Amino acid sequence: MARALINLPAKAKRGEIITIKTLISHVMESGFRHSALGVRIPRDIIDTFVCTFNGEEIFRAALHPAIAANPFITFHTVATESGTFSFQWTGDGAFSQTETAKIVVE
Amino acid sequence: MTAAVVLRRLAPAALVLAAVLAAHAEIPLNERRSGYADLGRETKAMQDDDTANPAMLAVLDGEALWTSKTGGTGRACAECHGDAKTSMKGVAARYPAFDAKLSRPINLDQRINQCRVERQGAKPLAYESKDMLALTTYVGMQSRGEPITPPDDARLTPFREAGRATYFRRQGQLNLACSQCHDDNWSKKLAGNIIPQAHPTGYPLYRLEWQSIGSLQRRLRNCLIGMRAEHYEYGSPEYVDLELYLMWRARGMPMETPAVRP
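Protein sequences, first through last, are from chains A and B. The opening residue of the first sequence carries number 277 in our numbering; numbering runs sequentially from there. The opening residue of the second sequence carries number 17 in our numbering; numbering runs sequentially from there.
The following block holds chain B by itself, in its conformation from the complex (with noise of 0.2 angstroms):
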């Protein structure tokens, strides 16, 4: 058999594959809810009130850290970024964005990281520790009520392509999709649980079962886990085009950071 042979078979196999592709299509823009919207009373309470909500601690020690000198340099954020509430405004809502010098998008803990080591001298904090989740949570704070705008940047797309991939590929023993559940079930039960949309607007969260705040990249994991696949490592391009992905399909959505979860 020719290759143009095998080409003209596999075209009829390549539409219908198309058309189930198409079938499982993103959540209409005006359907998209956040998580917030299936809190119970009690827990909506707790992240409405910035007195019991337990996320405000880690935003104290966020804006400790913030005005405190650190590194060889012995500089502190507030030096160069001034006053966080206005040069703040936002900026959580629009990472992950491109960095020209490794020529692929990172995060927010990322830029912390890259401001830490190149402008204060100082060793990049650990993914997940008490001043990482600190500083993004109180950068993150200052967007709340924004909308999230991913940038408008075509040298994203690729990498934003690859966080689609991911989301739609059925992956590990249970051999499932997150868009099977977030896409095409939402609003049903897993367990006790509703499904919810998976729209990262509240990161970094509190969330009751950890009893502790946590990134979204941390509850990327855990969805990985649960579906019993491979989970990357944290601050890992898997991740990073994930989180890509999951916040251009948020678009317009407000954020909430600090949220709670249960």
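Just chain A, with the same shape it has in the complex (with noise of 0.2 angstroms):
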């Protein structure tokens, strides 16, 4: 399984704009090398990232071959009620990994 770390605070006050930062550990394999043996080694990569907030999506984000390993996502939203954000990572190989997060919101 792969390792995720999540930062969020863990409270905000109503509308306020808070940031959420992500970060997983995959190795990226971009699906242009060759080995030593000049075979093509095949693309591995998350290809698709998305947030949701009480089951409604907010986020969304497409990868692709140019990104480094371990892909680190930061972005922002505004706090409006308390409840869980879910973070799903989909990628090659049937890849998938869900991570959730609490907020309270005053």
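Calculated directly from the structure, the hints in this document are not laboratory data. Keep in mind that this is a model prediction, so the values were computed, not measured. Where hints are given, some of them may not hold.
Claimed, not checked - Distance condition first, Cα-Cα at most 27 angstroms in a straight line; then the derived DSS-like pairs of lysine-lysine:
#1 B:60 <-> A:297
#2 A:297 <-> A:287
#3 B:60 <-> B:85
#4 A:297 <-> B:146
#5 B:146 <-> A:378
#6 A:378 <-> A:289
Work from the hints to combine the two standalone chains into their complex.
Listed below in structure tokens is the structure:
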């Protein structure tokens, strides 16, 4: 299983703009490289990242081969109510990982 | 010419040599600085924030390995050592340490492998493998903020002196010694990069150039290749002696494991 790190405030004021930072371990093999024997190394990347809040999609990113290993994605949202963020990474080779984080809005 | 005459003629030469060596003195303790001080703003931010530091992924892997059963005895690290947060605090800050059975110092990687083979009945992990780096990073992080405290062990002295000799010895096609960059010319530039003082405060660390985490020995190998010198095998006595000297040179400086470097 890939390791993921999520950073977001545990508490926020209503209407406050919060920053969410995510980091996941993944080799991100571009698919353009060849092995020592000249065989192409198949592409193995995360191609979609989706963040939902209480079931509603709030952020989505499409990832392409020109990205570093261990993709780090930062984005902002407005805290409206308490609830659960769900983060899902999907990619080549049926890669799929979901993490969740809670926030309390006062 | 008799031997005595030769010795008498050589004596002034030896004095001059001693004076030259003294001129290449080590950095005074209060002028030492971690490589962190020369980082750019963004890289500093990356190291300071545990959710942005990619080396923390290795820490999570290490944490999982710490509690997972392995080897013939089916024991986990945690069954003997308990919670690493207390039992491993300050451990990485005092390695390499003397091993009585081998009659020489061993580094943290070798200590972990010794435990695996003798107590867990497991296969030793390869140097620089994912699992080895995960464990050394996890153990290393428990010493974050702790001062580097090389063991006060007289048996280590000859090995540390051997490490010091390697550090001051010119080698490779470029005929460079470690000290020429890291003692005599730190803070100046080598190509576009600031030359650091080479204190091993943050290993294993995430190096942006490597796009991965790596050990101090990988860094030493990197430097030796840059000097066009022959590098040693991972885990060789030469590297461990050098590690021993570098840790002594950085004594008292706080550990930063896992650090981020460009």
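Hints violated by the structure (numbers, ascending): Hint check: 3 and 5 fail, others pass.
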